[in-house]
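S.K.: Residue numbers (our numbering), protein chains in the order written: chain A, 1 to 271; chain B, 1 to 476; chain C, 1 to 270; chain D, 1 to 319; chain E, 1 to 279.
Since the hints were derived computationally from the structure, they do not count as laboratory data. Backbone N, C-alpha and C fix where the C-beta goes; we use that ideal spot for every residue, glycine too. Warning: the hint list may mix true and false statements.
Said to hold, decoys possible - Derived list of chain D stretches under chain B, where covered just means 3 residues or more per stretch with a C-beta under 8 Å from a C-beta of chain B: (1) 85 to 97; (2) 108 to 119; (3) 267 to 278.
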Amino acid sequence: MNPASRSPVAPVTALLEARGVTRRYGDGRRRVDALRRVDLAVPPGARIGIVGESGSGKSTLVRLLAALDRPTSGETLFRGRRTSGVPERGLADLRSSVQLVFQDPRSSLDPRMTVGRIVTEPLRSRRLRHRGDVPSPSADRLQEVLAGVGLAPELAHRYPHELSGGQRQRVAIARALAPDPEVLIADEPVSALDVAVRAHVLNLLADLVRARGLTLVFVSHDLAVVRLLCDTVVVMKDGVIVEQGSMEEVYDRPRDPYTAALLAAVPRLRS
Amino acid sequence: SPAASPTSAEKTLTVGATLEPPSLDPTTNSSASIPQLLLYNTYQTLVRLDNAGNLQPLLAQRWDISTDLLTYTFHLDPAAKFASGTAVTAEAAAKSIERIKDADTVSVWANQMEVVDSATAVDTHTLQVTLSRPSNNWLFNMASSAGIVIDPDGLSGLATQPAGSGPYVLDSWTRGDSITLKLNKSYWGTPPRYDKVVFRYFSDANAMNAAMLSGQLDIISNLQAPEAVSQFSDTSKYSVIRGTTNGEVVLGMNHDVAALSNLKVRQAIAAAIDKKALLETVWNGEGTLIGSMSVPTDPWYEDLTGVNPYDQAKAKKLLSEAGYASGLSLRLRVPATAYARKSAEFVASSLKQVGITVTIQELQFGVWYSDVFTKGDYDLTIVSHVEARDVFTFADPSYYWHYDNATFQKLVQQADEASSAQELPLMKQAVKLLATDVAADWLFALPNLVVTRAGITGVPQNATSLSFDVTTIASR
Amino acid sequence: MRWINLVLGTVLVAGVILLGLVSLAWTPFDPTLVVPGERLQPPGWPHILGTDAFGIDVFSRIMAGARVVVQVGVVAVGLALLVGVPLGVAAAMSHRWLSDLIMRGADILYAFPALLLAILLAAAVGASTMTAAVAIGVASVPAFARVARAATLQVMSSDYMLAARAAGTSPLAAAVTHVLPNIAAVIWVQASASFGMAILAEAGLSYLGLATPPPAPTWGRMLRDAQNVIFSNPEQALWPGLAIAAAVLGFNLLGDGLRDQLDPRLRDIS
Amino acid sequence: MATVRAVAVRLAVLVGSLLVASFVVFAVCQALPGDVAQQILGEQATPEAVDALRQRLGLDRPFLVRYAAWVGGMLSGDFGSSYLTGVPVGDLIWPRVAVSAWLIGLALLLTPLVALPLGLVAAVWRRHWQGFVATAASQVGMAIPAFWTGLMLVSVFSIRLGWLPANGYVAFAADPAGWASHLVLPVASLTIVQAAMLTRYVRSAFVEVLTEDYFRTARAIGWRRIPGLLRHGLRNVALSVLTVLGLQLAATVVGAIVIESVFTLPGLGSLLLTAVGQRDLQVVQGTVMLLVVTVLVINALVDVSYQVLDPRVRTGDLR
Amino acid sequence: MNGLLDVADLRVEFGRHRAPALRGVSFSLQAGQRLGLIGESGSGKTVTALAVMGLLPETARVSGSVRLDGRELVGLPDAQFSDLRGVAMGMVFQEPMTALDPTMRVGRQVAEVALLRGRATRGDTRTNVLQLLTRVGFVDPERIADAYPHQLSGGQRQRVVLAMAVFNRPGLIICDEPTTALDVTVQARVLDLLDEILGESGAACLFISHDLAVVSRVCSHAMVMLDGDVVESGPVSQIFAAPRHPYTQGLVATARLDLVTPGERLPTIEDYFRREDFR
Ligand SMILES: Nc1ncnc2c1ncn2[C@@H]1O[C@H](COP(=O)(O)OP(=O)(O)OP(=O)(O)O)[C@@H](O)[C@H]1O
Ligand SMILES: Nc1ncnc2c1ncn2[C@@H]1O[C@H](COP(=O)(O)OP(=O)(O)OP(=O)(O)O)[C@@H](O)[C@H]1O
Ligand SMILES: [Mg+2]
Ligand SMILES: [Mg+2]
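So here's chain A without its partners, still in its complex pose (with noise of 0.2 Å):
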């Protein structure tokens, strides 16, 4: 029926990807085009950064990729094969293989599960345990995990509450390496730390894309800290990619008025 899986496997050049994406929300006078007509490719190994105001689209974007929503037209992909409008039954691989990050660690933490439980639900999966390699949810992946992650294994009994900010999110990260992906998908994870938390967090990020060759898809308003971890970045607004490219050709030389505006209205130290 799609064309997608009817055409003879083409060489596999993107690991996720949007075609043609719309996302509406809403209808009648309340309609609102999240996204229109997006297309995005993210190939393996990249580390890509997605910035824009806010409203601009960016975390629809990236809950569609990983098919968390369903786009109202065109369609998603992964590794070549669809993940829109599958169901949930169809999506092991892609759910073993991407994980995400989400922005306010408070609210993407089960206020009621200790830490040891929030980071061991994905290994818990039946749908992950799909993928031969995942790891089993031992008491031994759970200390490796939080040690990957600088936590210390005692706090694996506390709840989320009796965290710091740096610290939860560090658990939202372990529970996203936990099952061993090939994706990260992180939105927003810096936004709401305090500067001096947000650097430890944006430290460990980047030593573990590194070490683990990990696909990194990165959302943020901020360009200064997307320069930080990624090397192509695409630029958002209204529900439409405005420009993207490789991170110093953006930062340095922006070719849309509005990844200038952007750019510009950073604030910067007076010294």
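Given the structure of chain A, go ahead and fit chains B, C, D and E with the ligands onto it with the hints provided.
M.R.: Below, chains B, C, D and E with the ligands without anything else, positioned relative to chain A:
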């Protein structure tokens, strides 16, 4: 009356009562509340029952009975008129009787008129009724709802508009609250004292007492919460009239139930219950202990309370003799009324002490009718049988007691057909047989507890019929 | 000050439950034993709260009545919980039309108040503790469904639900591991308040003769019986009235106390 | 436009709900054991007579035929006739509605008038004795059964003091003063309980306003606590009061039935209780349906008035 | 010290078992001066602002002294305090989404500031409101005035709140993280506006932010808070160019993302300052 507005010269009597009539036609609806309101007040019968339970003339000035006891000749009062103004004729009386018999009417009382062969007007004021067999009860029944003489012109709307010949006519009906009677301007007899009589209905006995205490009522027609009687002990404000009614509170036993078909079990139950204490506890000692299906105003009444005396030891012994030494479980299904609920609680407690476990179920009257009365789905029940002389119900094996005793049936039949001289000993025998056979257990007879504002006179002491007769009430 | 509700509520509720539990094994006198010779005794010894018009020890009846209260509360609230909460959670987690269907059904059910249900149920199978409890429970289902739905919607909008999906957790598993624990607080508060409501409703139904039949004593029926002697023996109405008030107050305070503890926003107000 | 559409949708839902409710009411009533014919004819009637009467009353027709006839009749304003009396059910119900409507209406009107000030005091001075007293009063009021309050009021005001009638009802048209004096105690007993309950919600609504950022903004521009709370809190509180009042309606209707029984008011409650007892199903169905319709319609009205009161909903940006 | 605002040894405690939120904060603000208040989350910035405004919750115990134009504010009855708020001092809060009454039109809320003082009639208030809305950068003040808060964007709402705070031309304006909830581009616009209005009215400003860049843009002086204490204060140029306290040094270093080359490790506060050594 304090309830009447002071400017009005009209005299109004306000009577508190418990059950509001569902309809105003006493011939097609069995509710006792209808004769309470209407009998003798708006409807009249050929003969009436006096305070002592004797028949007295009303529309009929006198009556003759043939020697074969089959033909009754009634001589109507020529002055008698319906409220509409037309005369009460023998023809109208005959038509009223025929109407009850007529299957089309679906009358409640059809079986009471079964014995009537014919009812004919000999002349305007002479009515002749021929029976198929002698029946003393028939004449007695003619004093109640079955015997009312209805204005032939008013037959179509009886459910909402009475058409009788009594001293009062319907004034208004505020459903859920009250019914007002007003004076029949063209009444043919001695006019009563009040221009208006208001029957106010209270589903809750305590609310009625409160209304009396706060001066909204002149009379409580029958106190349903006798423990409250002390509230009216101030004789300068109230007087309390104590009389009897026809209401036997019967602990009915289903004779179709194996255990209860055993005489020893029935005797044990009767012996296990201290009726005197029960009356004291349940009805504040007001009322009469009876011992069988007969009340003091019945001509054949005898005190039979000694037949099955209270004796717990004997009750236990009887039970073990009957093979229930290890205990017995029975369902006591009662209608949701004060006397039944309270009696049930007492009975359950008493029977528990001799080893009978009783489960009480309180049913709404509708359910009681369908389950207990119609389907006979019960072991024990408590209900007051308020009709006069309803001892005859024990003669019908299909009646919900399922009591089938040929000797009793024969006695009752003979009594009904006997001359009045022979009737009494036969009935006494029959009533006694019920007691010795423990056809049921009789807890007590409901009292007629009337509370009036001080100064009100003429309230009948005993409720021999279902009527609350207001025609003789006056105030000083 | 913040603890006073919780402490007072816990004490009262524990008292009621304790009375009921102890009454299963022991009461000073048989709460159904009619003793004609001891009617309407004033409080004293051995009848510390006196006796009623049946000569039954009032304190024993109050104790046994606590049993009925707990029973009605547990059944009614349990029913409402077991039916209402899954419905509410399902409504929040399911497609829009199904969600609408569930909530409209709840609205319709809501239009049948407990009393109406109790009247109909009592008319159908005869009044009993169970009919009253079931009527009260069924009538409380819509409230629980609404509360559960609102709370679930809030949980659904949190990022950890999205994270759970990304982690491959199935909706049913998510409902059990994430939704239920997170709406539990709200539900407990609602349950506690409903417990109080159930006690009041049972008292009203008993008063109308639509609940527990005699001889099992209930506070509502004690009140109805007391009504007849309210002018001569007002204390007869006092004890069951106090018992009802204490029990309801206890559960309401417990509910408030729980909320005070669970809702952090109430802690700092300018 | 959005409002009009929302209202239309709400209306359609209402009609659907009413239909479902009518079927439930009818089915439940038909399932009740007990037989009105037996009840009418009493203990002495023969089974044949009972059958004849059932046939005459049309009780032998099939279920769906009777349901259709009933619903059809109601649509044309005909609720059928009482089995017992033959009186049209409408004629039985409407005079009762007047009584119950006064009772419920006055209570619902007075409830917020009592609860708003009490809730305000309880919220603003919740750390002082005034607030404690107000909160305690509301807690105690909620814990006492309405009929108990009624009994106490009667014993004090009617029997001890003799100021007011203990029970009964007088039509407004017949005697306005008498009408008022008969309604004071029933309305008071109903109001006390409902107001106690509402006070609790008002209190927490006001407490919530106190925590809101916009209230802090109002304080920052110079509002004193109480005037600011009235100015900025009342409308927000009104929304939750409205919801709770809508939710309380069912409770008030039930409370009214019990109160009617305590004060022997000839309202819908006593009609229902007797009709059920007598198995006069036409009357039961009619009355239950009326109560159910009232609750459903009022809830729909509450929903719709949300559209009017809350600009976020009115302008269609929130649901 | 005889400034517009003199705060001396201000202590605030919530409950006995918690560490004090403020442990004796002192500072002084001259008329027309703009003071930035910097510190990590929970360091006591908001509590300081609320203490000055007299809007701390009842549970807070305040000691020390806050003088506005020489008048002692600590312990001032609410009625008198209310008369000062909005007139002598105004405040802008962090969260523009919730700072306005959702059930009232924006114009009326702004007008309230004037009507509260009984100084104006409705007619000229409306004109004033429209003028003011124009001044805070709205090109269509009529539409804004007739809108409900939810119909405005975050930046628009924040400008409305700003308008309310400056309506009566108070001598002191307190801004508690007024732009943290806003987008970079919108933030830039609001900061420009604030700059302009402060310049125009000559009001003094206590400006709270954890973003050093923002403070450096608006303020002339800055003050750094840590765990309820002021650890360093001085002119912005000195604080950011040559911070003395190690904590401030760490703060400044981590804020300079632009100085880090991609792939390199970011400096953290801990590189400069260890909390264990503090106090
Ligand atoms: N569930 C939803 N229902 C309706 N509208 C939505 C929903 N989610 C997002 N939107 C709208 O879609 C648009 C894009 O939202 P999105 O969350 O993708 O933006 P964003 O770029 O991630 O913004 P932010 O930086 O604030 O996170 C916005 O206008 C938003 O209001
Ligand atoms: N109402 C309150 N009750 C109890 N403690 C409070 C209250 N308000 C603030 N605190 C405490 O006072 C301290 C200072 O809080 P404050 O809100 O001033 O921090 P902040 O510097 O404004 O932080 P942020 O940048 O997160 O807004 C914190 O430890 C906080 O927990
Ligand atoms: Mg986003
Ligand atoms: Mg703050």
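S.K.: For every hint, state whether the structure bears it out.
M.R.: Here is what the structure says about each hint:
no.: 1; hint: 85 to 97; in the structure: holds (count 6)
no.: 2; hint: 108 to 119; in the structure: violated (count 0)
no.: 3; hint: 267 to 278; in the structure: holds (count 8)
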